[in-house]
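Peer 1: Here the protein sequences come in this chain order: A and B. Going by the working numbering, the first residue of the first sequence is number 7, and it counts up by one from there. Going by the working numbering, the first residue of the second sequence is number 109, and it counts up by one from there.
If you're looking for bench data, these hints aren't it; they were derived computationally from the structure. By construction, the Cβ of each residue, glycine as well, lies at the ideal position given by its N, Cα and C atoms. Hints may be right or wrong, so weigh each one.
Interface residues of chain B toward chain A, partial, derived using beta-carbon atoms under 10 Å [said to hold, decoys possible]:
#1 I115
#2 E141
#3 L169
#4 Q212
#5 E216
Quick list of in silico lysine-lysine cross-link-like pairs, DSSO-like style, CA-CA up to 30 Å [to be verified]:
#6 B:K134 - A:K8
#7 B:K222 - A:K8
#8 B:K222 - B:K122
#9 B:K146 - B:K112
#10 A:K40 - B:K112
#11 B:K146 - B:K122
#12 A:K40 - A:K79
#13 A:K40 - B:K146
For each label pair, taking beta carbons as the anchor points, the in silico distance ranges come out as [what the hints assert, rightly or not]:
#14 B:R193 - A:D15: 27 to 35 Å
#15 B:A118 - A:Q48: 22 to 30 Å
#16 B:A155 - A:D75: 21 to 29 Å
#17 B:Q194 - A:E96: 34 to 42 Å
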Amino acid sequence: MKRIALVEDNPDNRLLVQAMLDDRYTIIEYENGKDALEGIAQDKPDLVLLDISLPGMDGEEVLSQIRADERLKDLYIIALTAHAMAGDREHFLQLGFDNYISKPILDMQLLIETIEYGLSR
Amino acid sequence: MKDKPCIDRAIIDKLVELGGTGLLQKMLAIFLENTPGKILIIQEGLAVGDYPAIANAAHSLLSSTGNIGAQQLYALCHTIEQKARQRDEDELPRLIEALPTSYQALMEALAHLKDEKQYETNRSG
């Protein structure tokens, strides 16, 4: 089973993503950026779902540190953020994210298709 | 914002379809545990003029309210986040004053939902 790191501080979002994905993938949860960086370096997941608005070290900083790490820089990383605004997608892709999903995540099929696309790269 | 229904029943149904009433109950429990604290952060942020704190707490409530289909509260939090990022001192007090009322209306809608006995018996699992 492919392993997905979920970096998300809101417990309800973690619960929802778990419910949507846990029969297809192994989900490894992290509540903050610091734990995520340590865990991802150790566990080397196949893909990362990374919330932007994390307390302390935010998602952009986590992304930047992963991209700066030679061992992790090619990880497929999907940004998660609440309430998509016009231009968000381009903004996150420019930052170095590979893809983007807006929250609330209501479309399980879209989430799975986005993950599968990332895993196939 | 009041023209929207308090709860989008289709989203509640989707949660039940996804994980049974167990998932719905867990999602609601987390929401009820966390939301009053975030509303308090927004109110305190207004009192001291801490607009980033208001925007961050309102942003955090966006996905939580969206997850359970709390449409009115979602729309209100979205507007509060935008106005806080714009440091709109004129609009924010009125919007933030409406938060407890909107939350209370949601509580009543959720209680009504819980009372619909056939809902749980027909959809449990």
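Peer 1: Now, for every hint given, state plainly whether the structure supports it.
Peer 2: For each hint, the structure was consulted:
1. I115: Nearest chain A Cβ about 13 Å off; hint violated.
2. E141: Nearest chain A Cβ about 9 Å off; hint holds.
3. L169: Hint holds; B:L169 Cβ to chain A Cβ min 9 Å, cut 10 Å.
4. Q212: Violated: closest Cβ of chain A sits about 20 Å from B:Q212, beyond 10 Å.
5. E216: Hint violated; B:E216 Cβ to chain A Cβ min 21 Å, cut 10 Å.
6. B:K134 - A:K8: 26 Å, holds
7. B:K222 - A:K8: Since the Cα atoms of B:K222 and A:K8 sit roughly 38 Å apart, the hinted pair is violated (cutoff 30 Å).
8. B:K222 - B:K122: Distance ~16 Å between B:K222 and B:K122 Cα, so the pair holds.
9. B:K146 - B:K112: 22 Å, holds
10. A:K40 - B:K112: Distance ~39 Å between A:K40 and B:K112 Cα, so the pair is violated.
11. B:K146 - B:K122: The hint holds at about 26 Å.
12. A:K40 - A:K79: 17 Å, holds
13. A:K40 - B:K146: 23 Å, holds
14. B:R193 - A:D15: 27 to 35 Å: The hinted range 27 to 35 Å is violated for B:R193 and A:D15, with Cβ atoms some 20 Å apart.
15. B:A118 - A:Q48: 22 to 30 Å: At roughly 41 Å between Cβ atoms, A:Q48 and B:A118 fall outside 22 to 30 Å, so the hint is violated.
16. B:A155 - A:D75: 21 to 29 Å: 42 Å, violated
17. B:Q194 - A:E96: 34 to 42 Å: 22 Å, violated
Hints 1, 4, 5, 7, 10, 14, 15, 16 and 17, counting from the list given before, are not met by this structure.
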